[in-house]
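Chains A and B supply the protein sequences, listed in that same order.
Start counting the first sequence at 72; every next residue gets the next number (the numbering used here).
Start counting the second sequence at -10; every next residue gets the next number (the numbering used here).
Keep in mind that a hint or two might mislead.
Going by beta-carbon spacing under 10 Å, a handful of chain B positions derived as facing chain A [said to hold, decoys possible]: (1) L(-5); (2) L306; (3) R311; (4) D314; (5) I388.
Some chain A residues well away from chain B (every beta-carbon gap over 10 Å; in silico) [what the hints assert, rightly or not]: (6) V91; (7) L171; (8) A200; (9) Q212; (10) Q236; (11) A317.
In short, the hints are calculated from the structure, not lab data.
Every residue gets a Cβ at the ideal spot worked out from N, C-alpha and C, and that includes glycine.
This is what each chain is made of:
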Amino acid sequence: MEQNLVIEAQKLTKVYTSGVNEVRALQNVDLQAAPGEMLAIMGASGSGKSTLMNILGCLDVPTAGSYQLDGTEVAGLDRNALADIRNRRIGFVFQGFNLLPRTSALDNVELPLLYDRSDRALDTKALAAASLEGVGLGERQHHEPNELSGGQQQRVAIARALVTQPAILLADEPTGNLDSRTTLEVMSLFQEINEQGVTILMVTHEEDVAVYCKRVIELRDGAVIRDEPVLQRRVATLDISEWEAA
Amino acid sequence: MKAGRLVKVAIQSIIKNSLRTLLTMLGVVIGVGSVTIMVAIGQGAQAQIREQVDSLGTNMIVITPGSSNQGGVNQGAASYNRLTTDDADALQSESFLLSAVSPVIMAPTQAVGGSGNWRTVVQGVDSDYQLIRDWQVTTGAFFEAADVRSKRKVAVLGATVADELFSGADPVGQRIQLRNVPFEIIGVLAEKGQTADGSDQDDVVLAPYTTVQTRLAGRSFIAQIIASTSTPDDISPAQEEIRQIMRETHDLAEWEDDDFTVRNQTDLADTAQSTTKVMTVLLAAIAGISLLVGGIGIMNIMLVSVTERTREIGLRLAVGARGADVLTQFMIEAVVLSVLGGVIGVVGGVTGSLIVARVTGWGISISPQAIALALAFSAAVGIFFGFYPARRAAALHPIDALRFE
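Whole structure, please, built from the sequences with the hints as guidance.
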């Protein structure tokens, strides 16, 4: 079965040493994701989900194991190579949005393109504007983060994550700071993006959010204890209409 | 990543934090500003001294008696006065390069005339003296070569003497007693002011040297000979020519040292200027220290800024900035800040110098070199003090940086 997996991780292990203590944050985690996957990673705090996310996002390297992202072996790359992979293949969405303050939405979205070493992105402004258009914020290009609602800020962050047309979108508790209504909006946007073929991995600890994904993985003590498809997947747009009807 | 984009990122960051930008620049602004003002004042003082020396005369060469050396014991300047009017005559007749020569005989005298008396120095000079010193008369006339030949008892008063004795009235045609010898006043000299060492050039009475020698001084040795050339380029060769003529008239053997000293105006100016040069350097050094303190201020705020912006740096690293990108961004920020501060400092310094000049009446001189140096130094300050914080920012780990609260 020679399928082109976007993510193929085998026996990922991460050990943190602080003083004499050794903490095994991840133990032999295997993970695979096909293109178009929408995966929720769940687990209590301390279960290793953030560590897994960091390794998948090339922000950290595993102590042992192999990780192929979009066909490229990532384990063992140096800092600069990892930076380039983060720039081109991965889009990040954070719980705290992490937008640059006093900087317009457009400039925020443009940011990853400024660090693109290839010449593929020439008109960075136009690409950023198109990406903002894609998340429905075409009108708000020149607003600064403090002039936008939480949901809008997260959409700017999603536009920023997508502007480099990455292979995967990694979201670390993207709805953690949002109310239920806005959470639905963001999940609906994720589902829409996923429909367009972007592979999405998101960390969450809410079942309510996980039900919008296609598959759920649960970690405990650094090991996978559950890996199953979402049987009754919900569609966020329908839930929004329902909400509005009520 | 293209350098232009990094510059853009850095400049955006500077504009977006205008208060921090201003505070950071303040140290450099003050440093560069004070360097500019101090150097302007110092160089202005030098220029003023140069002007004073120029007031001594044009293309002037001064010959004074030299030191004698008796059995290895040096007797110091003027210990062996062999300068005579013959030397002046020899120079006049044998030199090709000198356009004018005049002996100067000094005779301290109590001058009596007009409404009072005044202790001054009578200088016995030739008619060429006026040309050498480039000294005009305000009323009357200077004495002529014929007056010198016929040893006429005529005198030209310096402005101070004229003021003291005649207090505003025109002394021309009046008489003045110099050591009980009556002289007719034929002119009053224009004011020349003080010399660099503070003595009053106008406190003088000029008379034909022939008259002074026979009537007042009563000796044939003279204090100095002054001469001038028609162009500044002739000064150096003329000095050599004077030496040869003088050695010949003094009958010096090959192995003997000169028993006279030939100096030109530039030598005099250099002596006077070396003092103010030391002062300028000292002022600039003090101002330079404030620039250094300004640089440390930049480092301080950049370090705080690295901590304050840890999450931002983490985000930049997460979306694909390399360590080198972050390093470059912070370096550019530091250099732009310090150069901008330098430019503002120069503008402020120039304005400040003009105000100082206006208020105090000191001469100031703003030199482009000093400004270029101040700017280059401020850029260097930015690079030097920006590097450490920038490297710290670049070495941050993206995860730690993103988690930083």
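Hint check:
no., hint, in the structure
1, L(-5), "8 Å, holds"
2, L306, "7 Å, holds"
3, R311, "4 Å, holds"
4, D314, "6 Å, holds"
5, I388, "5 Å, holds"
6, V91, "22 Å, holds"
7, L171, "6 Å, violated"
8, A200, "17 Å, holds"
9, Q212, "16 Å, holds"
10, Q236, "13 Å, holds"
11, A317, "38 Å, holds"
The structure fails hint 7 only (numbered hints given earlier).
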